[in-house]
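For the record, the sequence lines run as chains A and B. Numbers 939 to 1053, taken from this note's numbering, label the letters of the first sequence in order. Numbers 2 to 114, taken from this note's numbering, label the letters of the second sequence in order.
No wet-lab data here; the hints were simulated from the structure. Source: prediction; values computed, not measured. One thing to keep in mind: the hints can contain errors.
[Claimed, not checked] Part of the chain A face toward chain B, derived, beta carbon under 7 Å: (1) V981; (2) F1003; (3) R1018; (4) M1027; (5) G1045; (6) G1047.
[To be verified] Some chain A residues close to chain B (C-beta under 10 Å, calculated; not the full set): (7) Q944; (8) V950; (9) Y971; (10) Y973; (11) Q975; (12) E982; (13) F983; (14) Y988; (15) S996; (16) D1000; (17) C1030; (18) A1031; (19) S1033; (20) E1040; (21) F1044; (22) P1046.
Heads up, the beta-carbon is just placed ideally off N, CA and C, and yes, glycines get one too.
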Amino acid sequence: EPEVTQTPSHQVTQMGQEVILRCVPISNHLYFYWYRQILGQKVEFLVSFYNNEISEKSEIFDDQFSVERPDGSNFTLKIRSTKLEDSAMYFCASSEGMWSDETQYFGPGTRLLVL
Amino acid sequence: DAKTTQPTSMDCAEGRAANLPCNHSTISGNEYVYWYRQIHSQGPQYIIHGLKNNETNEMASLIITEDRKSSTLILPHATLRDTAVYYCIVRVPGDNAGNMLTFGGGTRLMVKP
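If we strip away everything but chain A, and leave its shape as in the complex, we get (with noise of 0.2 Å):
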């Protein structure tokens, strides 16, 4: 059955670096997702992906996060310079279309800790 996966499963990084968390999308899917979860805290939307254009961000999503689809098989999660507050559970999604089945299916995840 396939799967979205995801890159590292776990990233230990120092406030202020720079952290790129990858996602493989399920292969025929055309729209793609990032949420998070802090610890203890619901599961919330980040951004929405399709055609090579973010097409719905959250308040959560500022400048110092980007997304990226550098080629046909990777999703890619940019954080530009961590801040302590990004420590979370980050979750890919995937779906198929828009119209006809809109199922999202998430990834493992990729827990994420800023020091």
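Given chain A's structure and the hints, the job is docking chain B onto it.
Chain B only, in chain A's frame:
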């Protein structure tokens, strides 16, 4: 997305059916009901979704009331591995909100031996 209300926690005996309720009294006519679950801190796992009719798949059944103001997710024979937080989400496929999922607090289901 319409707001949903779920009990904070529930217990279920292993092997018994787990019935997880969800209230969505402000749901609109074209909003689907989706269920996901999250085991520990793993990624949310899709379970099932429906619009009006009851739905069943290999994981669960979804019962939606006729007025669509509430629904119940049924795990027919709960196992210890079904211990998780279950999220009920209502949303409109393809709306201009970028297809985001809005997660609430969910129901923490504890399956006990």
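Outcome of the hint check:
With a cut of 7 Å, the hint placing A/V981 at the interface with chain B holds, because the nearest CB-to-CB distance is about 4 Å. For A/F1003, the interface hint is violated, since its Cβ never comes within 7 Å of a Cβ in chain B; the closest pair sits about 15 Å apart. Given the 7 Å rule on beta carbons, the hint for A/R1018 is violated: about 22 Å separates it from the nearest Cβ of chain B. The interface hint given for A/M1027 is met, as the beta carbon of that residue sits about 6 Å from the closest beta carbon of chain B, less than 7 Å.
Contact between A/G1045 and chain B, as hinted, is supported at the beta carbon level, the nearest pair being about 5 Å apart and thus within 7 Å. The interface hint given for A/G1047 holds, since its Cβ lies 5 Å from the closest Cβ of chain B, which is under the 7 Å cut-off. Checking A/Q944 against chain B by beta carbon gives a least distance of about 8 Å; that is within 10 Å, so the hint holds. For A/V950, the interface hint is violated, the least distance from its beta-carbon to any beta-carbon of chain B being 16 Å, above 10 Å.
At a threshold of 10 Å, the smallest CB-CB gap from A/Y971 to chain B is about 7 Å, leaving the interface hint in force. For A/Y973, the interface hint holds, since its Cβ comes within 10 Å of a Cβ in chain B; the closest pair sits about 8 Å apart. Because the beta carbon of A/Q975 sits about 7 Å from the nearest beta carbon in chain B, less than 10 Å, this interface hint is met. Here the hint on A/E982 is kept, as its CB sits about 7 Å from the closest CB of chain B, short of 10 Å.
Taken as an interface hint, A/F983 checks out: its beta carbon lies about 4 Å from the nearest beta carbon of chain B, inside 10 Å. Annotation: A/Y988 was flagged as interfacial toward chain B, and the flag holds, the nearest CB pair being 9 Å apart, inside 10 Å. Annotation: A/S996 was flagged as interfacial toward chain B, and the flag holds, the nearest CB pair being 7 Å apart, inside 10 Å. Because the closest C-beta pair between A/D1000 and chain B is about 16 Å apart, greater than 10 Å, the hint is violated.
Interface restraint check: A/C1030 against chain B, minimum CB-CB distance 8 Å, threshold 10 Å, status holds. The beta carbon of A/A1031 is positioned within 10 Å of a beta carbon in chain B (closest approach about 8 Å), and the interface hint is therefore held. The criterion of a C-beta within 10 Å of any C-beta in chain B is met by A/S1033, whose closest approach is roughly 7 Å, and the hint holds. For the restraint placing A/E1040 at the interface with chain B, the shortest Cβ-Cβ distance is roughly 4 Å, inside the 10 Å limit, so the hint holds.
The interface hint given for A/F1044 holds, since its Cβ lies 4 Å from the closest Cβ of chain B, which is under the 10 Å cut-off. Evaluation of the A/P1046 hint against chain B yields a held restraint, the C-beta minimum of about 5 Å falling below 10 Å.
Going through the hint list in order, the structure does not satisfy hints 2, 3, 8, 16.
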